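J.: Sequence:
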Amino acid sequence: MSESPLSQDEIEQLLAAIAAGDEEAEALKPKTPLSSSARKIKPFDFKRPDKFLKSRLRELTIVFDDFIRKFQQFLKSEYDITAQIHLAGCDQFPFEEFFRALPPPSPLCTFDWMEGSGAFQIAADVFQGILGKAPDKPQKLNGLEARLFMGYLFKPFGKILQTYFSKKAGKGIPDFSNQKFISDFFIRDIPISYDMGVVATFYIKIGQTEGNINLFLNPDCINSLNGTSFFNITNDASFIPLATPTPNTIVEMGRFHLDDGESLKENLIYETNKFSGEPLDIYKDGKYAGEAEATVIDGDNKAARVLSNMSDLEEKKFDDFLNTRVIFGCSKTSDNFEFGKGCIFELNENILEPVTIIKNNKVIAYGEIVIPDENFCVKVTKVVDK
Numbered sequence: 001m002s003e004s005p006l007s008q009d010e011i012e013q014l015l016a017a018i019a020a021g022d023e024e025a026e027a028l029k030p031k032t033p034l035s036s037s038a039r040k041i042k043p044f045d046f047k048r049p050d051k052f053l054k055s056r057l058r059e060l061t062i063v064f065d066d067f068i069r070k071f072q073q074f075l076k077s078e079y080d081i082t083a084q085i086h087l088a089g090c091d092q093f094p095f096e097e098f099f100r101a102l103p104p105p106s107p108l109c110t111f112d113w114m115e116g117s118g119a120f121q122i123a124a125d126v127f128q129g130i131l132g133k134a135p136d137k138p139q140k141l142n143g144l145e146a147r148l149f150m151g152y153l154f155k156p157f158g159k160i161l162q163t164y165f166s167k168k169a170g171k172g173i174p175d176f177s178n179q180k181f182i183s184d185f186f187i188r189d190i191p192i193s194y195d196m197g198v199v200a201t202f203y204i205k206i207g208q209t210e211g212n213i214n215l216f217l218n219p220d221c222i223n224s225l226n227g228t229s230f231f232n233i234t235n236d237a238s239f240i241p242l243a244t245p246t247p248n249t250i251v252e253m254g255r256f257h258l259d260d261g262e263s264l265k266e267n268l269i270y271e272t273n274k275f276s277g278e279p280l281d282i283y284k285d286g287k288y289a290g291e292a293e294a295t296v297i298d299g300d301n302k303a304a305r306v307l308s309n310m311s312d313l314e315e316k317k318f319d320d321f322l323n324t325r326v327i328f329g330c331s332k333t334s335d336n337f338e339f340g341k342g343c344i345f346e347l348n349e350n351i352l353e354p355v356t357i358i359k360n361n362k363v364i365a366y367g368e369i370v371i372p373d374e375n376f377c378v379k380v381t382k383v384v385d386k
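Numbering-wise (the numbering used here), the sequence shown opens with residue 1 and increments by one.
Do not take every clue at face value.
Quick list of simulated restraints, FRET-style, between CB atoms [stated by the list, open to error]: (1) N142 to D91: 25 to 35 angstroms; (2) D300 to E96: 41 to 51 angstroms; (3) T61 to K341: 43 to 53 angstroms; (4) P354 to P103: 13 to 23 angstroms; (5) Q72 to R147: 17 to 27 angstroms; (6) D320 to V384: 37 to 47 angstroms.
Calculated directly from the structure, the hints in this document are not laboratory data. Keep in mind it's a predicted model, so treat the numbers as computed, not measured. All C-beta atoms, glycine included, are put in the ideal place defined by N, C-alpha and C.
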């Protein structure tokens, strides 16, 4: 069925409505569009917190890029193999997650090093390619191939790792001990804790054969290097970090009772009154200022995202019996700062710094958050007031 054409007045009204809609849409656009340099914000994962700062991973990435060149030189000088290698990734994962992602059978060696442990794994096709083979399908390595892996590939790789990291750290060469080769493997056979660690993934191509080499280092390995001059100037005793103003705002995770005269005990776990899914509480100048979600900025710094407007707040009271507070972090906010819903304010602490335990407005201990059941709990790592 045909419709009558629009009149000129109707056409002009329609164009005006479209133009008005464009203006409204333009007004809704952010004044400053987000760019690739925008800060990255994500929720703080209390059940699986990061163990390494992003800045530390970037330092390791630079190290691994240099390390690759030494491994290429080794393959060329020892086996006349020209390999293309580059760092495909450097990130933190739980060992179990890293381990279960490996396709068996896969040559893998676990080892103890310095104060920690790690694992070295190479794709089966790449290893067979180094041996001059190209199997149609993955197959379990025989005894000779396992010895070749240990003697002609892992030990030289480990030697480079030792000498390079030790030189960088200004330490003597640590011995690799408890070496264990595994091909068809089960996680129960792995003598490594299932804690978070650093996984460096190297892409390697030899001729037409390509695949990955993975190196896993647990936190104790990285922390062993952290106690040396391996990393940046912040480990220098003469380095004084930027001072921060006295905080007036705290983000509280929960409370528990501690008898007068009772001291906290290191390595004990204390349960708080707050469920792990509940929002955290904001206090400014001792007054309740709202609820917040714990967040992380740029992978390094603690922050808080406000979940409620101050105008919507109801008075919040706590039982005086709960006399000990667990503080996620603190900050200095301006006098006119509005804790509006959705706003994010950065805290003074980075993600690796412990939570603070306070009683009678005095810091009595530091700890780490654990969630063994439903509630936030704090494991005391250091008592400062006994």
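J.: None of the hints should be skipped; say for each whether it holds.
T.: Quick rundown of the hints versus the structure:
no. : hint                             : in the structure
1   : N142 to D91: 25 to 35 angstroms  : holds, 34 angstroms
2   : D300 to E96: 41 to 51 angstroms  : violated, 25 angstroms
3   : T61 to K341: 43 to 53 angstroms  : violated, 37 angstroms
4   : P354 to P103: 13 to 23 angstroms : violated, 39 angstroms
5   : Q72 to R147: 17 to 27 angstroms  : holds, 24 angstroms
6   : D320 to V384: 37 to 47 angstroms : violated, 24 angstroms
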